[in-house]
Amino acid sequence: MAKRQDFVVRFAGEGGQGVVTASEALARIAADVGYHALTFSTFPSQILGGPTWTQARISTTPVLSPGDSVDVLVALNEEAYETHKEDLSEDGVVIYDSSFTPNSSGRMFGMPFDDLAKQAGDIRTANMVMMGALANLVGMPVKFLQDFIVNRYLSRGQAIVDANMKAIAFGVERAASTTFQIGELEPPIKPNYKQAMIRGNDAISIGALAAGLDVYVGYPISPATPILIYMERNLIGSGKFAYQSSSEIESIAAIVGAGYAGKKAMTATAGPGFTLMGEGIGLAWMAEIPCVIVNVQRGGPATGLPTKTEQSDLMTALTPAHGDQLIPIIAPGTVEECYYGGALAINWAERYQGPVVLLSEHSLAERVQNIPKPDLSQIVPEVRATYQGTNGYQRYDGYELSPMPVPGKPGAYVANGSEHDAMGDTTHLPSRHIQMTTRRFSKLKLLEENVYERENTDAPIAVMPWGGSKGPAMEAYERLKAQGTNLAWYYSMRINPLPPKLLEELRKKELVLVPELNYLGQFASFLRSHGVNAQAITQYTGLPFRPKDLVNRIKDAASAASRKAVSV
Amino acid sequence: MTSKNPEYDFKWCPGCGDFGVRRALEFALQDFCSYHERPMNSNVIVAGIGCSGNLVHLVEGEQPYGFHGIHGRTLPIAFGAKMGRPDLNVVVVAGDGDFLSIGLEHVAPQAARNLDVCCVIMDNGVYGLTKGQSSPTTDLGVITSSTPYGKLESDLNPLDYYLSIGVSFIASGYSSKPKDLGKLIQAGMEHKGFSIVHVLSPCTTYNDNYEQLKGNAKKGIEPIIFDVPKEHDIHDREAAHKLVNAAKIPIGVIYQAQGRPTLDQRLEDLRGRVKVRSVQEQLEVFVF
Ligand SMILES: Cc1ncc(C[n+]2csc(CCOP(=O)(O)OP(=O)(O)O)c2C)c(N)n1
Ligand code: SF4
Ligand SMILES: [Mg+2]
Chain A
1 MAKRQDFVVR FAGEGGQGVV TASEALARIA ADVGYHALTF STFPSQILGG
51 PTWTQARIST TPVLSPGDSV DVLVALNEEA YETHKEDLSE DGVVIYDSSF
101 TPNSSGRMFG MPFDDLAKQA GDIRTANMVM MGALANLVGM PVKFLQDFIV
151 NRYLSRGQAI VDANMKAIAF GVERAASTTF QIGELEPPIK PNYKQAMIRG
201 NDAISIGALA AGLDVYVGYP ISPATPILIY MERNLIGSGK FAYQSSSEIE
251 SIAAIVGAGY AGKKAMTATA GPGFTLMGEG IGLAWMAEIP CVIVNVQRGG
301 PATGLPTKTE QSDLMTALTP AHGDQLIPII APGTVEECYY GGALAINWAE
351 RYQGPVVLLS EHSLAERVQN IPKPDLSQIV PEVRATYQGT NGYQRYDGYE
401 LSPMPVPGKP GAYVANGSEH DAMGDTTHLP SRHIQMTTRR FSKLKLLEEN
451 VYERENTDAP IAVMPWGGSK GPAMEAYERL KAQGTNLAWY YSMRINPLPP
501 KLLEELRKKE LVLVPELNYL GQFASFLRSH GVNAQAITQY TGLPFRPKDL
551 VNRIKDAASA ASRKAVSV
Chain B
1001 MTSKNPEYDF KWCPGCGDFG VRRALEFALQ DFCSYHERPM NSNVIVAGIG
1051 CSGNLVHLVE GEQPYGFHGI HGRTLPIAFG AKMGRPDLNV VVVAGDGDFL
1101 SIGLEHVAPQ AARNLDVCCV IMDNGVYGLT KGQSSPTTDL GVITSSTPYG
1151 KLESDLNPLD YYLSIGVSFI ASGYSSKPKD LGKLIQAGME HKGFSIVHVL
1201 SPCTTYNDNY EQLKGNAKKG IEPIIFDVPK EHDIHDREAA HKLVNAAKIP
1251 IGVIYQAQGR PTLDQRLEDL RGRVKVRSVQ EQLEVFVF
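So the protein sequences, as listed, match chains A and B.
Mapping to this note's numbering: the first sequence position 559 is 559, numbers consecutive.
Mapping to this note's numbering: the second sequence position 23 is 1023, numbers consecutive.
Keep in mind the hints are simulated off the structure, nothing from the lab.
Every residue gets a Cβ at the ideal spot worked out from N, C-alpha and C, and that includes glycine.
Heads up, a few of these hints could be off.
[What the hints assert, rightly or not] Which chain A residues stay away from chain B? Per the calculated CB distances, all over 12 Å, these:
id	residue
1	Gln5
2	Ala265
3	Ala422
4	Lys443
[Said to hold, decoys possible] Computed list of lysine-lysine pairs in DSS-like fashion (alpha-carbon distance at most 30 Å, straight line):
id	chain 1	residue 1	chain 2	residue 2
5	B	Lys1230	B	Lys1275
6	A	Lys409	B	Lys1192
7	A	Lys443	A	Lys508
8	B	Lys1179	B	Lys1151
9	B	Lys1230	B	Lys1219
10	B	Lys1275	A	Lys373
11	B	Lys1192	B	Lys1230
12	A	Lys481	A	Lys445
13	A	Lys481	A	Lys555
14	B	Lys1275	A	Lys194
15	A	Lys409	B	Lys1179
16	A	Lys501	A	Lys481
17	A	Lys509	A	Lys564
18	B	Lys1183	A	Lys409
19	A	Lys409	B	Lys1004
20	B	Lys1151	B	Lys1192
21	A	Lys443	A	Lys373
22	A	Lys409	A	Lys85
Build the full structure now, drawing on both the sequences and the hints.
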């Protein structure tokens, strides 16, 4: 039997049962020995209890998506088993906790995780019992687990190490006594570069800090809270400030105030908070104040699906405020892009002197993945053009970006959210509204960068996902390519403004298929407004796409389009 | 605005109290700057939306920086500016509607933080700019354009409210005495912490209460305002409480807390206790 390239393990149980740590531990163990790992999790919106599941996909090559199906399901209670059994792959195996007995049979066996852990000498080793069993099922050398334990726990004493070793052995033993195998995993190919194991939200935080972030103000909200926590812990040096605000309305106005005062400022939120920030984002656009708003999307509207993933805030992010505006948007598609996107957002805000939205999403925010170690030297912090002259300066003069005065230095003006003249004084003259509107929109040109992915560009039909749907779409694209389907591939994390050359290419396509997680087909609609014949492939389940579904839907949409083209 | 700007199309009505407040703020800024030998451009005026907020465009003489933002959000903007740049002197100017209705949610958090900004509130007991609707300080039962049969809500006692939420410097002023008011505003700016100078600044168009405030001996109208008695101890919270609940409105410094650190001082203290890691060091945590 050919060896496996990858496998997916899902841990399902109740909140508080260590489900999350199990998948992260597995990912870490695998990455340590040279595999690639990607976790995916979804929790209930409650602290204790409630159905929780997380999974890890382990592969010999970089992992693009959570995958199609589950190869090993670790079910900690009956409900977990019932909910997830449908997702098992054909040769999938269920390991269930012996506290219950599934009312069906097949490729499954029970294990008393907690009892075995107690026998091993420490109840906290239940995870390692699972790991031992898993390693046996996929033919992974037990040494990988043992090395991990020694590295992690030796400093805490031999007793803990021994207990973990015993737990692993119990797991291996039990799994070996069954005849189930899911196929041996290919040995890892250890990357020859330094790696980081990091979560999307942390990657955004570090990217923003690398670009020189000074001030962070945010209000707790899933799934953006980890960014607040990260900043509160780390953004504390001299001249820096991180703070938990009393509301998102306060957050946005505070970062606008800090940006005005000459600082690089950011907030992070999710849908409900983002909506509250609308007026403040409009103020930053109108008064020309640099600032970054991270929106880690979740299902909406209203309180929506706080702990599920969706890409349904694009339209809101383009025009979060009332009136004429089009806010720059960067949407990272991978954990790595969270890092570079975080930095780029800060740079863009400084460069064009206005608000920038970094549009992330739940599935990326909580995803732990091993990526090449982010390169700090690749981030060149941009500094806004500031006014250096003496008094008598007209801050809002002209039709294009102009240097911004900083309080404490000459060039005093009034930053104004009402329409204004060159000094920033309120006015209602039509000629001024024309000048200032033109000026504000003209600055978007400064953000046009022809950076994007392209492949097989001669094909008449293209696939172009955005944000977190990049991974599943890429995986589907690769499979279709292997099957001989002729499709072009495009991708950009620069959503607004889109790279002009990319738009030029897209406009020439017969059809551009856009996989996206919303009902409206928001990005496809945005592309159509730019003269691209785009058609959305939508899903609104609160979960990411599965590559196998996308393969079918892309194929169907492409062949329907070709049939139409022929019949015309 | 140093000189008349023909494009600027807002005017206060003749007799509007805000003229006096503007003059007082100019006095305060000038004295504050010359006393501390700091440039005028190290001051930032964050203005609310209302007739009152237009003050930021009407300051004469040497120009401070200004920010005319959105309705009700002066404090959050000032919060970001001040915590980003503690070296700046940040002054909020706002109306009773802006500060005490739509923006009320921001007052108590800043009191708790003891944010080092000075707020000058122009209370005319009405929404001036939107043409005469009731505000939180409009008296119960008063007829306004939005309370055609009389206001159904009790009126807020702003001084008592500030005291109750722990504002660390509270003064009450009157717009017709710009020199005195200037002194109060300057004291507010000098105060290390969150200060509010709440100014009675009548609206001649929608709520002309000059006569009630000042009194009119000929008509036998007793003034509503009185000077804070000389013997009042401004550090005595109990005494301040009695003062702001008197039948009439005291003018002068009501209360000043002693020894309360400001938010930026607390932050500075925290920096001394916590190890700051560079971005490089932070990144290493994730590297394996
Ligand atoms: C979010 C929002 N809501 C409503 C308004 C309309 N508005 C402008 S000023 C104002 C009230 C002003 O009253 P006050 O703050 O007392 O200022 P005054 O004009 O009396 O000085 C209102 C309701 C607005 N600009 N923004
Ligand atoms: S309406 Fe009232 S508050 Fe507004 S400018 Fe006129 S007098 Fe002043
Ligand atoms: Mg008013």
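| message | Checking each numbered hint in turn, tell me which of them this model violates, lowest number first. | response | Violated hints: 2, 3, 5, 8, 12, 20, 21 and 22; rest satisfied.
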